[in-house]
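Asker: Each chain, written out:
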Amino acid sequence: MNTKGRVQKIITIGGENFNQNTTPVGDGVVVTTVAVPAAKPSTLILKSGDDEGAISAPDSGMEYSDLVDIWWTGGLRRGMTAEMDSMGNIAISGGNGDALPAENTAVLISIPIIRKLGIKRAREDCIAYASEGDGYFDLVDDSGYTITRRVSAGSTYLWEEGSGIERSRFFIGTIITELRFSHCDLSPKVMRAGLLYRNK
Amino acid sequence: MSILARIQKTITLGGESFNQSSAPSGDGTIVQNIVLSAGLGGAVTKITDDSGIVMMNRENHPFEDGDKVDVWFGDYCRHAMTVSLDSNNDLELTGGFGDALPVSGTAVVVRESYFCSVSVKTDDIRVLALTTTGDGIFYFLGSGDTPLFLIKVNKNYAYDWQAGTGTAAPFPAGQTVAKVLISHSEIIGAIMKFGILCENE
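Residue numbers (the working numbering), protein chains in the order written: chain U, 1 to 200; chain A, 1001 to 1201.
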């Protein structure tokens, strides 16, 4: 059974319209709405490498997780492994992104919200993301291959098969296993993802 | 004086809405609305190398020595090739940029290259919007016709990019766009439009 989406764009620049009205079609759809908790303030108390150090435990009762994103002014390192050490601090390592800043830099910690998927050998027909806060969406397959999109507060990301507009990265015949949501706002923000796909 | 654009997106998937409504501002716009005529069908009959000499069988075509043409084959295209007519009135095509030409015998669509002159720094672009009624391409060029970036857009879709949305800019920083080459692969005419909202800094 076909599942349809709907896309309408009304864009006006200099009195000229750049409109679109399309109906993307797939045979499955995943829609996830997540209230992502607030990021927590912390401090980088130890830097032992560009991708290794320790942060103070936030005083909000936030517990460490397997993966955390570390944000600071002018930088971001995502997917760092976190582990509480014997001093009650959180050791962090690995991840991807900018080199960690200097010690004593104020940082924000966010724990990505993960939603499990199981879309086999899919081809995406339409992807839509929207976020209340500046955030990141990660689509991950069973090989760990990750396609990341940044979406600013109040903005929408959209991609449609058939639009001719090329994507820089694709899944090729793998199983899409996860959607991850993360933001750096100090209050909870709603993040939404929609994936219209066709099983191949 | 501040100039506003308007971007409104209404997207529904699985009963969930992904909407956006914004009014970005700038101090200048560049808008072009071009009716591009149909391309002409032909076939490659000889090829010497990827960007070398190509001959196309076609009688009574409008092309003349020195013209610049785009050669489409499927979704691929080599742009701004220089025409030299041979004794059979076929096109000998040289130069250009884009995809390598296909093998001999491949059907192609040839159309005169259409250039719009503009002058905008990529760092000043706040909104870029493109739309077309035929499968086509917008190729942004720097001085000396240096290719900077391209965006393909299919029939009746609209492309948009807006600064501040989190989506990376499709263009390189620190460059100046001097021309936009607009082309489509249809054998009927198509309307192609581009719009730029810029903030001159």
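It is possible that part of the hints are untrue.
To be verified - Pairs of lysine-lysine residues, derived as BS3-like cross-links and limited to a Cα-Cα distance of at most 27 angstroms, are as follows: (1) Lys4(U) / Lys1155(A); (2) Lys1046(A) / Lys1068(A); (3) Lys1121(A) / Lys1068(A); (4) Lys1179(A) / Lys1155(A); (5) Lys40(U) / Lys120(U); (6) Lys1152(A) / Lys4(U).
Please keep in mind that the hints were generated in silico from the structure rather than gathered at the bench.
Asker: Taking each numbered hint in turn, which are not upheld by the structure, reported in ascending numerical order?
Answerer: 5
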